[in-house]
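Q: Just remember that the working numbering sits 32 ahead of the position in the sequence shown, which is counted from 1.
These are calculated hints, taken from the structure and not from any lab test.
Do not take every clue at face value.
Said to hold, decoys possible - Label-pair distances were calculated between CB atoms; the ranges are:
#1 GLU89 with TYR163: 15 to 23 angstroms
#2 ILE101 with GLN164: 15 to 23 angstroms
#3 GLN80 with ARG125: 20 to 28 angstroms
#4 HIS151 with ILE101: 35 to 43 angstroms
#5 MET81 with GLN128: 14 to 22 angstroms
#6 PRO115 with LYS160: 30 to 38 angstroms
#7 ARG70 with ASN136: 42 to 50 angstroms
#8 GLY109 with ASP148: 37 to 45 angstroms
Where a beta carbon is used, it is the ideal one built from N, C-alpha and C, also for glycine.
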Amino acid sequence: MSKPKPDQPALFDALTCDALDLIDRLGDEVDGLKWPERLHTLYELIRQMNLRAGMTEQKAALDARDRCIVIGDYLGGRAYNIPRGDALRLALRDKQIWLDSRGNNHEALARQHDLDVTHLYRILRQQKALYQSKLQGRLFDES
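Could you put the whole structure together from the sequences, leaning on the hints where they help?
A: Right, here's the structure in full:
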């Protein structure tokens, strides 16, 4: 799609337009970057998951747009290495174990996640360290 003409700025507002309109307007590359293509992929992934969950097409599209905006606002401009496959699933399982742990339900959590209690304790120790690190930050910078 061609770039907007200088005499038509009111017809296109990047801050309020639909995410797909923005992607279409920008094209596949912006200044040599591939982010519009990746944004489109993220949008479609979220939209398809919403449809699979039973949302209407309009609600799925609006939700996907809003989630892309939130993800872009929070993660945009930074390089992130997001785990995939088993590593992602294990990381999310471990976080869920931490959230579900009440101190008196370790046996039940171990059974629920098909783990032995020793492994569950190791996961809880790791998650506690992550939580404390996030909460307290680093006392000293390691240069």
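Q: State, for the Cβ atoms of MET81 and GLN128, whether the hinted interval 14 to 22 angstroms holds or is violated.
A: holds (18 angstroms)
Q: Does 30 to 38 angstroms hold as the CB distance between PRO115 and LYS160, or does it fail?
A: violated (20 angstroms)
Q: Using the beta carbons of ILE101 and GLN164, state whether their distance is inside 15 to 23 angstroms or not.
A: violated (31 angstroms)
Q: Taking the CB of ARG70 and the CB of ASN136, does the distance hold inside 42 to 50 angstroms?
A: At roughly 44 angstroms between Cβ atoms, ASN136 and ARG70 fall inside 42 to 50 angstroms, so the hint holds.
Q: Does the beta carbon distance between GLN80 and ARG125 stay inside 20 to 28 angstroms, or does it fall outside?
A: holds (24 angstroms)
Q: 15 to 23 angstroms was suggested as the range; check whether the CB atoms of GLU89 and TYR163 agree with it.
A: violated (39 angstroms)
Q: Could you tell me whether the CB distance from HIS151 to ILE101 stays inside 35 to 43 angstroms?
A: Once the Cβ atoms are compared, 39 angstroms apart, the range 35 to 43 angstroms for ILE101 and HIS151 holds.
Q: For GLY109 and ASP148, compare the CB-CB distance with the range 37 to 45 angstroms and indicate the outcome.
A: The hint (37 to 45 angstroms, Cβ to Cβ) holds, given that GLY109 and ASP148 are roughly 42 angstroms apart.
In terms of the numbered hints stated before, the structure departs from hints 1, 2, 6, listed from lowest to highest.
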